[in-house]
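The whole structure should be built from the sequences, with the hints applied where relevant.
Protein chains: 2
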Amino acid sequence: KSVKEVLFFPVSLSCTEGVLNPGVPCLCPLPHTDSDLHRLMRRLMEARRSLELCIFTFSSPPLARAVLLLHSRGVRVRVITDSDYMATVGSQIGALRKAGVEVRHNQSSGLMHHKFVLIDKTLVITGSMNWTMQAIQTNKENLLITDDKVLVSAYVKEFEELWNEYDPA
Amino acid sequence: KSVKEVLFFPVSLSCTEGVLNPGVPCLCPLPHTDSDLHRLMRRLMEARRSLELCIFTFSSPPLARAVLLLHSRGVRVRVITDSDYMATVGSQIGALRKAGVEVRHNQSSGLMHHKFVLIDKTLVITGSMNWTMQAIQTNKENLLITDDKVLVSAYVKEFEELWNEYDPA
Ligand SMILES: [Zn+2]
Ligand SMILES: [Zn+2]
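One line per chain: the protein sequences are A and B, in this order. If you count the first sequence from 1, position 26 lands on 45 in the working numbering, and the numbers rise without skipping. If you count the second sequence from 1, position 160 lands on 179 in the working numbering, and the numbers rise without skipping.
Because the hints were derived from the structure by calculation, they are not lab data. A hint or two may mislead.
No copy is singled out in the list; a pair is fine if it fits within one copy or between any two copies.
As a list, the in silico DMTMM-like pairs of lysine to aspartate or glutamate whose alpha-carbon atoms are at most 20 Å apart [said to hold, decoys possible]:
1. 23 / 186
2. 117 / 186
3. 140 / 65
4. 140 / 53
5. 117 / 139
6. 168 / 184
7. 168 / 139
8. 176 / 55
9. 20 / 36
10. 176 / 24
11. 168 / 180
12. 23 / 167
13. 23 / 166
14. 23 / 103
15. 176 / 186
Below, the structure written as structure tokens:
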């Protein structure tokens, strides 16, 4: 059965620990209601072999936790991001690098403005949303999720081209 | 046959008059080569009944020309945009309003950060790209185009909800 789904934001703040550790009760004071952020994170947590992130700005702590958990499980994580924003306050890029995640960024003028994700090279998530708490909790944003082979392969090609273009070596 | 296509940017500057007036030779000094901007504009020009734009920033002159041409042909054009950016230099929102295009914008805090388009409510174009010359000619950007009914209907619903939410009356 094919995957086609659209997520809309903003969502209210609620706890996402249950997505990372399903079945483990959480005692934190946040509400434990489901949202489109949970749906996004559950898609990410489906990754078994590879996760490619091509994200303009990445500062969301729950999304960073999901990515670091996948990395610790042996999923190959590769991140492409924008050079101007990776050094700003709250960016998670430093923490990902410190954990051993491969990160590359644009060198030239012009923004690396993509916001797409590839899961096991079989699912793409793309849209308007950067991985920031403001986007998730305040902005009007959309993410489209599909496993259509034609669409996914276009994004796989773009990722690999940028990965090579941004090779610092 | 179903539509599924991904456009990638940046593209080199080239003349787009041929999309607006097919078959009419253009004598301007720009190159007359095809690009993903032309592919985007050809999709827009397919609109026969309605065009809904839900775009964070809209300053691109060729895209404004396409929208104004559709409006003049009797296509119902509705625009949702972000209040902070509609008044900035180069914004096309004033020109669209002056021509009689219906425009609404967010009232609250948080950005109206969507960048999606509905064509005859049967095709959706969504992704990272704002309708600015910087995005088109300088940034890494993507737009996904699909006529999948499940996906399109999710965006139609979102547009109508925001259209009502942003009713100034
Ligand atoms: Zn909790
Ligand atoms: Zn020309």
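Against the structure, the hints:
no.	hint	in the structure
1	23 / 186	neither (33 Å within a copy, 30 Å between copies)
2	117 / 186	within (19 Å within a copy, 48 Å between copies)
3	140 / 65	within (12 Å within a copy, 32 Å between copies)
4	140 / 53	neither (26 Å within a copy, 29 Å between copies)
5	117 / 139	neither (23 Å within a copy, 48 Å between copies)
6	168 / 184	neither (24 Å within a copy, 36 Å between copies)
7	168 / 139	within (12 Å within a copy, 26 Å between copies)
8	176 / 55	between (27 Å within a copy, 16 Å between copies)
9	20 / 36	neither (28 Å within a copy, 43 Å between copies)
10	176 / 24	between (22 Å within a copy, 13 Å between copies)
11	168 / 180	within (18 Å within a copy, 31 Å between copies)
12	23 / 167	both (8 Å within a copy, 9 Å between copies)
13	23 / 166	both (7 Å within a copy, 12 Å between copies)
14	23 / 103	neither (33 Å within a copy, 32 Å between copies)
15	176 / 186	within (16 Å within a copy, 42 Å between copies)
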